[in-house]
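Working from the sequences, and respecting the hints, build out all of it.
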Amino acid sequence: MGMVASRRKQKIMLKELKKAVPDADADVCYIPVGLDTGGGLPHDIAISIVAEIQKIRYQCKGGHLRDQG
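Per this note's numbering, numbering through the sequence shown is continuous, rising by one, with the last residue being 654.
Read the hints as simulated data drawn from the structure, not as lab findings. Worth double-checking, as some hints may not be accurate.
[What the hints assert, rightly or not] For lysine-lysine, the following DSSO-like pairs were computed, each having C-alpha atoms within a straight-line distance of at most 30 Å:
hint, residue 1, residue 2
1, K600, K640
2, K646, K596
3, K640, K594
4, K600, K646
5, K603, K640
6, K640, K596
7, K594, K646
8, K594, K604
[What the hints assert, rightly or not] DEER-style ranges, computed between Cβ atoms:
hint, residue 1, residue 2, range
9, K604, R651, 42 to 52 Å
10, T622, Q653, 15 to 25 Å
11, M598, P627, 12 to 22 Å
12, H649, A605, 31 to 41 Å
Owing to the predicted nature of the structure, the values given are computational and were not obtained by experimental measurement. We put the CB at the ideal spot given by N, CA and C, even for glycine.
Here it is as structure tokens:
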């Protein structure tokens with residue numbers, strides 16, 4: 586589960602999740618969601634979220650392709 590939120594809100598949201606769903610696993614929550622791609626505009630955030638989804642889906646490190654030997 587991912588959520589677009591500030592790090593400040595992360596603790597609040599996880600606390601509320603645990604209250605609502607006591608068995609919830611916080612390790613599957615991505616707050617804030619996305620990889621650091623350097624942008625802050627809506628389309629930049631969308632790209633960073635899709636990049637993280639792909640990283641998790643294919644279980645890869647997500648490093649530069651040039652560094653893979």
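A quick look at each hint next to the structure:
Under the criterion of a C-alpha separation no larger than 30 Å, the hint pairing K600 with K640 is consistent with the structure, at around 26 Å. For a cut-off of 30 Å, the pair hint linking K646 to K596 stands: about 26 Å separates their Cα positions. Taking the CA atoms of K640 and K594, the gap is near 24 Å; set against the 30 Å cutoff, the hint holds. The straight-line distance between the Cα atoms of K600 and K646 is roughly 29 Å, inside the 30 Å bound, and the hint therefore holds.
Between K603 and K640 the CA atoms are separated by roughly 26 Å; this keeps the pair inside 30 Å, and the hint holds. A threshold of 30 Å between alpha carbons decides the hint, and for K640 with K596 the separation of about 24 Å falls inside it, so the pair holds. Between K594 and K646 the CA atoms are separated by roughly 27 Å; this keeps the pair inside 30 Å, and the hint holds. At most 30 Å may separate the alpha-carbon atoms for a hinted pair to count; K594 and K604 meet this at roughly 15 Å.
Range check, K604 to R651: about 46 Å between beta-carbon atoms, so the 42 to 52 Å window is met. A beta carbon spacing of about 19 Å between T622 and Q653 agrees with the range 15 to 25 Å that was offered as a hint. The beta-carbon spacing between M598 and P627, approximately 21 Å, falls within the hinted interval of 12 to 22 Å. The supplied range of 31 to 41 Å is met by H649 and A605, whose beta-carbon atoms lie about 40 Å from each other.
The structure shown violates none of the earlier numbered hints.
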